[in-house]
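Number of protein chains: 2
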Amino acid sequence: MSEQKLTLGAIFYENFELLDMYGPLEMFGILDQVDLVTVAEKAGPVKSTQGPKTVADYSFANCPPLDLILLPGGIGTIPELNNEAMLNFLRERSTSVKYTMSVCTGSALLAKAGLLDGRKATSNKLYFSLATMQSDKVDWVEEARWVVDGPMVTASGVSAGTDMALGVIAELFGQEKAEWACMVSEYEWNSDANHDPFVKYLNKGGNL
Amino acid sequence: MSEQKLTLGAIFYENFELLDMYGPLEMFGILDQVDLVTVAEKAGPVKSTQGPKTVADYSFANCPPLDLILLPGGIGTIPELNNEAMLNFLRERSTSVKYTMSVCTGSALLAKAGLLDGRKATSNKLYFSLATMQSDKVDWVEEARWVVDGPMVTASGVSAGTDMALGVIAELFGQEKAEWACMVSEYEWNSDANHDPFVKYLNKGGNL
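If you're matching them up, the sequences are chains D and L in order.
Take 1 as the starting number for the first sequence in our numbering and just add one per residue.
Take 1 as the starting number for the second sequence in our numbering and just add one per residue.
Hints listed in this document are in silico derivations from the structure and should not be mistaken for laboratory results.
In this text the structure is predicted, and so the values were computed from the model without any measurement.
Mixed in with the good hints, there may be bad ones.
[To be verified] Partial list, derived from the structure: chain L residues whose beta carbon lies under 7 Å from chain D:
no.: 1; residue: Tyr22
no.: 2; residue: Pro45
no.: 3; residue: Glu142
no.: 4; residue: Ala160
no.: 5; residue: Trp189
[Said to hold, decoys possible] With a Cα cut of at most 27 Å, we get these calculated DSS-like pairs of lysine-lysine:
no.: 6; chain 1: L; residue 1: Lys120; chain 2: D; residue 2: Lys53
no.: 7; chain 1: L; residue 1: Lys53; chain 2: D; residue 2: Lys98
no.: 8; chain 1: L; residue 1: Lys53; chain 2: L; residue 2: Lys120
no.: 9; chain 1: D; residue 1: Lys5; chain 2: L; residue 2: Lys177
no.: 10; chain 1: D; residue 1: Lys42; chain 2: L; residue 2: Lys177
no.: 11; chain 1: L; residue 1: Lys204; chain 2: D; residue 2: Lys53
no.: 12; chain 1: D; residue 1: Lys177; chain 2: L; residue 2: Lys42
no.: 13; chain 1: L; residue 1: Lys47; chain 2: D; residue 2: Lys42
no.: 14; chain 1: D; residue 1: Lys47; chain 2: L; residue 2: Lys53
[Unchecked claim] So the derived label-pair ranges between C-beta atoms look like this:
no.: 15; chain 1: L; residue 1: Glu92; chain 2: D; residue 2: Gly118; range: 37 to 47 Å
no.: 16; chain 1: L; residue 1: Gln175; chain 2: D; residue 2: Asn82; range: 55 to 65 Å
no.: 17; chain 1: L; residue 1: Asp32; chain 2: D; residue 2: Gly118; range: 33 to 43 Å
no.: 18; chain 1: L; residue 1: Asn62; chain 2: D; residue 2: Asn82; range: 51 to 61 Å
no.: 19; chain 1: L; residue 1: Glu171; chain 2: D; residue 2: Ile75; range: 21 to 31 Å
In this text, a Cβ means the ideal position worked out from N, Cα and C, and glycines have one as well.
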C-alpha cells in the first residue's frame, strides 16, 4: 500500500479520444491517493476527436514532477508521431514515474519514442498495425485487454483503458481499493487482462 | 432510422462527475449522426469533481437549438438544486428535445425541476435518496441500470450512463448502430436496462 499522494499527468493532444482519457481519469480521480494534472505541449484548451475541449493546466515546459503518466489515443495520434516535442517529453518523463500508461493508439506514440523496445505491449485492435509499424523491437500482444511490462502499461482500444486503470490501482493500492472504485462508479470491471473480446476485429478498421 | 443530424447539448456545471459525462459523450460523439455542443450557465472552463476542466462553448443564453440533452451528476449536483438558472434552462429546453438524459445524481436536478413528476426514473444507487427527496410525485425505480419514460431517460450511477447512451442510440438509430459503437470503442455493453448489480448498495454512501 502506497502512503504518499501520487500525481498523475494526463497528457492531452489535439484530437485525443474522449473515453481513452476520461475512463481512467474517473477511476484515478475518485481516489484520495491520487491528484490529477492536465498537461499538453502548450497550456490551454485542447480539442478532442469528438469536439469537447479540455483545459491543459500545464505545458510540457512547466509540468510538475509526475508519479504516473496517462497517454490517450485517438485520430490525433497520427500527427503526434512526428511531433518531437511530444516524443521527447515522453522519453524524459517516463524514466521518473512508477507507471507510464497508454490507451488505444497511445501505444503507437510510446513505440515511436522507443519506450516499448524489448517489452510486451498492446494497442487498439481495429488499428493495431498503426502501433506495430512504429517498432519491430516490441513484443506486440494481439490478444490482451491490457499488458503490464515493468513500468510500461498499454491498453487495448478506448474502453479497455478503464479496466487497465483499475488494474494499476489494484497494483498500487490493493485489490480492495480497485473494487471500491468500481462500487462508487457502478462499474463492472473486466479484471482479467487476458480477456479480450475484440481481438477478432484485429486490423479490420471502423467500417465493418 | 433518423436521417437528420442531431445536436446533443452536454450540460456542464462545477463539480460534475467526469465519467457521467464522458462515457455517453464518447458513444454519441463517435456517430456521424450526432454533433456535440458543450453548454453551461456561463461559457468558459468548468471544473469537474476530479479536477480537469472542460470548456463550455455556449452559455444558457446563447445555446443553439438542441435535439438531445445530457445532464451529468456529481457532488456539484447539490448546489445546483438551488440554482434557478439551471432548473429553468432544463424546464425550457426539455420540452423541445427528443430525449433528456441524466446520469447519476443528475436525475435529482430533473426531479427538482418537476420534469419527472408522474414518470418512472432512477438515480445513483449509493446516494439514491438525494433524488427521491426532490419529488414524491416520481415513480422511483430502485433496481435499474437505466429507465426510459417517454422523453425522459435516467441512468443509475456514473458508468451506467454509457449503457444508457447505447440504449438511446439503439432507439434512435437502430441496434446495429449501437453495436457498431461498442465495437469501435471496444466496449462490452450491458444492454439490459433491468440488470443492476449495484442495487445492493442502495443508500449506503461511498464509505463501505
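Consistency of the hints with the structure:
{"no.": "1", "hint": "Tyr22", "result": "4 Å, holds"}
{"no.": "2", "hint": "Pro45", "result": "5 Å, holds"}
{"no.": "3", "hint": "Glu142", "result": "13 Å, violated"}
{"no.": "4", "hint": "Ala160", "result": "5 Å, holds"}
{"no.": "5", "hint": "Trp189", "result": "10 Å, violated"}
{"no.": "6", "hint": "L:Lys120 - D:Lys53", "result": "34 Å, violated"}
{"no.": "7", "hint": "L:Lys53 - D:Lys98", "result": "25 Å, holds"}
{"no.": "8", "hint": "L:Lys53 - L:Lys120", "result": "33 Å, violated"}
{"no.": "9", "hint": "D:Lys5 - L:Lys177", "result": "42 Å, violated"}
{"no.": "10", "hint": "D:Lys42 - L:Lys177", "result": "37 Å, violated"}
{"no.": "11", "hint": "L:Lys204 - D:Lys53", "result": "35 Å, violated"}
{"no.": "12", "hint": "D:Lys177 - L:Lys42", "result": "37 Å, violated"}
{"no.": "13", "hint": "L:Lys47 - D:Lys42", "result": "19 Å, holds"}
{"no.": "14", "hint": "D:Lys47 - L:Lys53", "result": "12 Å, holds"}
{"no.": "15", "hint": "L:Glu92 - D:Gly118: 37 to 47 Å", "result": "59 Å, violated"}
{"no.": "16", "hint": "L:Gln175 - D:Asn82: 55 to 65 Å", "result": "40 Å, violated"}
{"no.": "17", "hint": "L:Asp32 - D:Gly118: 33 to 43 Å", "result": "41 Å, holds"}
{"no.": "18", "hint": "L:Asn62 - D:Asn82: 51 to 61 Å", "result": "38 Å, violated"}
{"no.": "19", "hint": "L:Glu171 - D:Ile75: 21 to 31 Å", "result": "28 Å, holds"}
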